[in-house]
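S.K.: Chain residues, written in single-letter form:
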Amino acid sequence: MADTRDFALRRLHSLLGVIPIGLYLIQHLTVNHFATRGRESFDAAAHFMETLPYRYFLEIFVIFLPIIFHAVFGLYITFQARNNVSRYGYFRNWMFLLQRVTGIITLIFISWHVWETRVQAAFGAKVNFTMMEEILDNPFMIGFYVVGVLSTIFHFSNGLWSFLVTWGIVQSPRSQRIATFVTIGIFFAVSIVGMRAIFAFVNPEWFAFATNLPIL
Amino acid sequence: MAEENKVIQFIIKRQDDPDSAAYDEKFEIPYRPNMNVISALMEIRRNPVNSKGEATTPVAWEMNCLEEVCGACSMLINGKPRQSCTALVDQLEQPIRLEPMATFPVVRDLQVDRSRMFDALKKVKAWIPIDGTYDLGPGPRMPESKRQWAYELSKCMTCGVCLEACPNVNDNSDFIGPAALSQVRLFNAHPTGEMNKAERLTSLMGDGGLASCGNSQNCVQSCPKGIPLTTSIAALNRDTSLQSFRNFFGSDAQ
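In the order they appear, the protein sequences are chains P and Y. If you count the first sequence from 1, you need to add 10 to reach this note's numbering. If you count the second sequence from 1, you need to add 845 to reach this note's numbering.
Keep in mind that a hint or two might mislead.
Computed footprint of chain P on chain Y, listed as stretches where at least three residues anywhere in the stretch have a Cβ under 8 Å from a Cβ of chain P [stated by the list, open to error]: (1) 1007-1015; (2) 1027-1036; (3) 1058-1069; (4) 1086-1093.
For the record, the hints were derived by calculation from the structure and aren't laboratory data. These numbers were taken from a predicted model, which means no experiment stands behind them. Just so it is clear, CB atoms sit at the ideal spot from N, CA and C, and this is done for glycine as well.
Kindly produce the complete structure, drawing on both the sequences and the hints.
M.R.: Put into structure tokens, the structure is as follows:
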């Protein structure tokens, strides 16, 4: 019998990307989105997350260990590929390349982001609206966060497509095409949530005004 | 006639033996209507003189059927992997650039060694074991609807184009490539072949097997026979998911 360890690790990598990391991403962006409702709402939501029971257990097993495994194994997969979009410029081949590029951008972004927030919190900083306001007080950091968040969401959405194929859920070309459209939709929808949260920290006055508009 | 002076220009990447360095050589051969790349290579073989007028060795390449069913004459033609028998000169931009496929070790010039593909077929047991010491009688029948899609998979000629196009088949990775994977689906679909389904699927779960696919889907875009390689891969993904559960939780695993 063949040694199936590599198969198991690759399937684990695919699974962890969606459960729990993908779910955690959505949850995290949703909590961030409270920033659009003002300083107090965000602080209350952040405080709620901070005071969850068995918080360290959740952080280690739902967030850190899965992300570290996904990142390390993802780097191994990334450097196994020899990208060839210049010769084979098909849509899926571009997605294949972008999945790897955004994976690396996301890893850099998340490392920096964890250092700036969670690690600083461990050193005694308070994670609240003011902290994010201070982080995002210059155009470079806004740019870094916009690129980092969009790249994370792209990696998640396109990874969701790969997940559906990797586990054999979508097989026919038609179902794979529809899955492409659905995951593009997910990318835009989640991006709106992520971008709104970032700009709520950058421009709180505008959001305070906008929340009073009947359409939002 | 104006056509008499017309020439076809070729730039051919040559290599004298497996270990020597590659070099480019230019050729100009007289134009004839309806030529394919192979007839042009035959012309060079007949008169091995390069574009500078120097005598050179004839260009080596492989060919068999001359009708795109054997897969032997695959090479990079203007950067795309395809069969040289069906590459018509009139449809190609000149100078026509010929290179050996980069995924395989070069034997000489355009001739490559595709052994890894045949080794992959052995690894995944891409056959139906029917040898026995006595006549086992006719096997179970195959539904016509299934035979029709299985026939499409049987068109694979092990030409190597899908491996050449795949970003995950390279010297950094031991991925066996799309061709052998799709053959597993073919032989698992056969009512007699199905008896060894678990064995084939488990072989796909080894190092460099199915899970090394990164879904770039270049293979299905490049396959000259239009084989639904990515559908096969996704179908096998489901089969191996279930097989891995059976192997781990089930009671019939060895």
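S.K.: Going through the earlier hints one by one, which of them does the structure break, listed in rising order?
M.R.: Of the numbered hints given earlier, the structure breaks just one, which is hint 2.
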